[in-house]
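Participant: For reference, the chains in residue letters:
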Amino acid sequence: MIFLRCCVVALVALAAGTAQAKTFKFADQGDVVSMDPYFFNESFLHNFNGNIYESLTGRGKKLELTPELATDWKQTAPTVWRFNLRKNVKFHDGTPFTADDVLFSLERVRGEGSDVKSHVAEVREIRKIDDHTIDIITRSPFPILAESIGLWRIMSKSWCEKNNSIRPSDVRKGIENHASGNTNGTGPFMLKSRQAGVRTVLVPNPNWWGKAEHNLTEVIFTPIGNDATRVAALISGEIDMMQPVPLQDVLRMQANPNLKVLQGPELRTIFLGMDQKRDELLFSSVKGKNPFKDLRVRKAFYQAIDIEAIKTRIMRGAATPTALMIAPGVNGFAADLNKRLPYDPEAAKKLLAEAGYPAGFEIGFMCPNDRYVNDSEICQAVAAMLARIGIKANLSAESKATYFAKVLRRDTSFYMLGWTPNAYDAHNPLFSLMSAPGEGGQGQFNLGSYSNQKVDELTRAIASETDLRKRQGMIADAMKIHQDEVGHLPLHQQALAWGMKRNIELVQLADNFNYLRWVTVK
Amino acid sequence: MKAALERFWDHDLAYSLRRSPVTLVALLLTLVCIGGAVFAPWLAPHDPFDLASLDLNDAFSPPAWTGSGAAKYPLGTDDQGRDVLSTIMYGARISLGVGVAAVAFALVLGVSLGLLSGYIGGRVDAFIMRVADIQLSFPAILIALLIDGVARVALPNEQHGNLAVPVLVLAIGVSGWVQYARTVRGSTLVEKSKEYVQAARVVGRSPLAIMLAHVLPNVTGPVLVIGTIHIATAIITEATLSFLGVGVPPTQPSLGTLIRIGNDFLFSGEWWITVFPGAALITLVLSVNLLGDWLRDALNPKLR
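Read top to bottom, the protein sequences are chains U and B.
Under the numbering used here, the residue at position 267 of the first sequence is numbered 267, and the numbers go up by one with no gaps.
Every position in the second sequence, counted from 1, becomes a number in the numbering used here once 1000 is added.
Mixed in with the good hints, there may be bad ones.
Stated by the list, open to error - Mimicking DSBU-like on lysine-lysine, the simulated pairs with C-alpha atoms at most 30 Å apart in a straight line are:
| # | chain 1 | residue 1 | chain 2 | residue 2 |
| --- | --- | --- | --- | --- |
| 1 | U | Lys349 | U | Lys289 |
| 2 | U | Lys293 | U | Lys392 |
| 3 | B | Lys1072 | U | Lys392 |
| 4 | U | Lys61 | U | Lys25 |
| 5 | U | Lys311 | B | Lys1072 |
| 6 | U | Lys349 | B | Lys1002 |
| 7 | U | Lys339 | U | Lys454 |
| 8 | U | Lys406 | U | Lys277 |
To be verified - Derived DEER-like restraints, expressed as beta-carbon distance ranges:
| # | chain 1 | residue 1 | chain 2 | residue 2 | range |
| --- | --- | --- | --- | --- | --- |
| 9 | U | Asn503 | B | Ala1126 | 58 to 68 Å |
| 10 | B | Gly1269 | U | Lys470 | 28 to 38 Å |
| 11 | U | Asp279 | B | Ser1053 | 26 to 36 Å |
| 12 | U | Lys192 | B | Pro1074 | 47 to 57 Å |
| 13 | U | Gly197 | B | Pro1166 | 42 to 52 Å |
| 14 | U | Pro358 | B | Trp1042 | 28 to 38 Å |
| 15 | U | Leu63 | B | Ala1151 | 39 to 49 Å |
| 16 | B | Pro1074 | U | Leu63 | 42 to 52 Å |
| 17 | B | Thr1283 | U | Asp279 | 51 to 61 Å |
| 18 | B | Pro1074 | U | Glu112 | 54 to 64 Å |
Derived from the structure by calculation, the hints contain no laboratory data.
Being a predicted model, the structure only gives us computed values, none of them experimental.
Glycine included, every Cβ here is placed at the ideal spot set by N, Cα and C.
This is chain U alone, in the form it adopts within the complex (with noise of 0.2 Å):
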């Protein structure tokens, strides 16, 4: 009897103990890689690591730009920018957050193995004002500096200092330290355990500056790469959102009472780059020279891709082709510029021929199999496409983990990525994608070192200039000179299908951003 009531009493307790707190269990299809948030340029890491961590500026619930660790900011001289630092914030081991720590970050954000170099590359330096005020002197005029760095993420120097976690992690080496699984931010969330792969618990800072919009006592994010197990994760009620949802289940989950599925246009843009500057190709039957180089075989890739198949049938209409690479939402997209070169194999193969590969050649072609949506699907289907033209694609897909270190190497050949231009505006993919690897960060996601001094030369142009027409005109003639060079080859911005319980309230930002800060549970 007595064992009875006991139980009846734990029953109680726990009741009400579930009924208090709002745990939160997400999933993506694929794990934080590092909680160093210099360690990798990838939107679902800056995401994450944006719950712990913060910046400067930030982003509102409408992508518009917001106070974060700055107050307030002003231009006071054409390169130089006056940005008060928020008073009486705390990291989360206590520490209060002073300009030292936006000096360091600089520093480290810069430092050798940093992926994040090329949000900083405009700020030739930051002067120390006082424990509150900096100044950052740019490089040249650079009117979207406050819009550039919101994801470059401030961290604590003292903890660095002390955890030998001076110079970040760096994915292409594979090198790791102390904050690749440890954290000291001054935001809303609180690392409390993780398991990389497996699970990473977060928990509310207390001490937060901001007033907390969400009601959340605990979050728990789990990986789960397969699709069909997500799904059923979400429907059996283990977890309260996940995303993306696999195209295939979105009709499926939108008629279940108890699940919304949260849709919207995406910024990224999702394109296949090739190498143009090795003389001889590393994965490729042709030896001696490297087919990338000449034009017409670019153009016949481009022309071989039936990339409204693509969309009906692996991304099933959830999906929007370009022939940009940017999307529509982002400043400096021109729709009259956006006409994709027609589906043509026929066109394809004759210029192949005329190129001097009359049979095709061979070319290893690598993918991502759990970063984009349907991402190696897409690369097999084009795949199959390259083969109409006599193209043999030796296709390589594999996890992002192992994938992006190769790429990122510049190992390859023929390679997927995704791009959301970071600060909403062309001039981050010009300078990230399309410049000629140099200095400080320009080129370093172009991949295949796609190079032309023109472009260079707008980008430089485009960085400094103030007048916003002029701007917009320079703008499109680099984006013209990289289309018709075929740069790269953009295929499509994939949508956001985010699904989860119907008492889960959020904010979708167009950038597949869910900040934790906007998550609350009914």
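Given chain U, work out where chain B should sit, using these hints.
Facilitator: Positioned in the frame of chain U, the structure of chain B alone reads:
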């Protein structure tokens, strides 16, 4: 010829096969599966590995007997427009090839080490068993990644395309030998002390001869059973490794890969992509297991 057939017909094995209809059916199904795989290039209606013949617009076509199916694709098509029937046949070639080769490799390695370990005993035994313990802590995936990484560095780029199958066989084989070694060692320890082994030793046969001629035939029963089950595990492991990028490329799906692809569509109505390959795998594994069971009983003198 006729005499040979008659001799086979009268043999103990054939006799016990005739008496067991279940085994006959299993044998038949195994032969159909293996035949379908081996002769796929001549029997299959399409060549799904020939990328140029695929049409993405045919993707997700349901089986022929349903309303919107096409007679061209009897069991429907998958997400890339590959004919499911043909892909099963071609995929089974890879799966069976990798499965059988990996199991054969693991079996030979495991049985030899187990025999040595059990028969010689002492330090050799301790050493082999500790290696086995260490081996158990390395999953197949890790070994595959290791072998793949080393091979990629050691071999020129041109050879990378041909790496997939040897890497899979080695990885699955190396990670699977322990259970054979353990089983054989245990049985050997029991057999070693029996009179017939003592007798052989007294007669003066060499340890190697005793191991191979006397002990081995008496410890193979359980090994055969493990082997048949292991083939199924090996096929699944191969699918996992292929997903990680060390196995066969996605443009040449094996049976396991096809099932994994189909899994994504199981809930959304395109059931045929996973159900048919799944049924093929179950049929194959079940028949092989039944055959293994029967073989163990037929070879066991105590049950005769």
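Participant: Run the structure past the numbered hints and jot down the numbers of the failing ones, going up.
Facilitator: 6, 10, 13
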